[in-house]
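Now for the letters of each chain:
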Amino acid sequence: MIELLQFLGKATRKSFKKLGRATFFLLEIISGIASVIPRPRLLLKQLYSVGVLSFLIIVISGIFVGMVLGLQGYYTLSDFGAEETLGVMVAASLVRELGPVVSALLFAGRAGSALTAEIGLMKATEQLSGMEMMAVDPIKRIISPRFLAGLISMPILSALFSAVGIIGGQLVGSGLLGVDEGAYWSQMQANIDFEGDIVNGILKSLVFGFVASWIALFEGYDAIPTSEGVSRATTRTVVNSAFSILGLDFLLTALMFGDN
Amino acid sequence: MQHTKTQDTLVGLFVASGIAGLFFLALQVSNLSSFVDQDSYAVTARFENSGGLKVKSPVSAAGVKIGQVSSINFDPKTYQSIVTLNIYSQYNNLPEDTTASIFTAGLLGEQYVNLDAGGSDSFLKNGSKIEITQSAIILEKAIGQFLFKSAEEKAQAKK
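Quick note, the sequences are listed as chains A and B, same order.
For the first sequence, the working numbering begins at 287 and goes up steadily by one.
For the second sequence, the working numbering begins at 3 and goes up steadily by one.
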């Protein structure tokens, strides 16, 4: 019994310690961002590896998610004779929820795990301490550009995901199932609000980008510098990012869409 | 050098596609395009019951959207609902004795204010009131009345 309590206490203490380390790490990253701005080439390189390389998976998943939404929405809505509102359903679910959430999950899997592995390996091969020896701050040089790149890429990827998904839904809805194309778009335009829906969706994706890149970078930086440690850190990145994204999504949805 | 140039191009394409996606969402998907702030003037109308009317509900005449509802308030003195309609300035020749009624688009659609032009020579302007109104039809009430009536008829037929 006592052992169980001890175990619980130790686990709590450890997780709080980790949270504290992560917070200080975040503060360092943010203060390091200022030194990225005079060197845009560092940021550009990371935008390429974080953003551009995630482009394809986001676009392809977006099309398929949109097409599935179109199919499923059509089957349900046609029971009520409301096929014309398919556009609203597809666009609202993509712009509000699926766009930010699914693209953030894909981002965590595609870019987050790569970031953790990269930084974990840098630590394991002592490149980070090597940099410190040469009086180069690894946070400013390595971490902050990657963080900023994640923060910038995420809203772009999410907007792309939603846009492509809506087109995919239209392809299936009006191309395959015979929903009137004009009704698809006009119902959507009448019911999707720019500030209420689209801006909130983009805000959500900004938050997810922040959290996903923070977790990925911290897990890499905090990894035990062995091959096993890096592999564990990579797993933790994906798991923790998924949890935080889904949990935060619930909170943000309750905050943003709760009052109407 | 060549390598960073292709990288630059790809990053540029990536950011541009993101902006294009956002523009697509803003203009094609949302109501932003129809949200251009049009000059309008405000007219009030009192209804016994404004039903499911909401702020931003459309105001239409002869099926054409000519404005939108800007506020709905309850008047504690007359127990009526005061609906303020913003009508676009280009439609400034609506007669003063125009009738405002609340209709429902389709059986289950959203409610809107319909204006039927009257025959007066003077026109509605900013701040004027629409005197003749017709409340929203509350479906439950109508069904209740119908059932009550048919039951009464049946009872009479039995006698």
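I should point out that these hints are in silico values taken from the structure, not numbers from a laboratory.
There may be inaccurate statements among the hints.
[To be verified] One-sided excerpt, in silico: chain A residues whose CB lies under 7 Å from chain B:
1) Ala377
2) Met417
3) Met419
4) Ala449
C-beta: ideal position from N, C-alpha, C; glycine also.
Q: Check each numbered hint against the structure and report the violated ones by number, ascending.
A: Per hint list: 2 and 3 violated.
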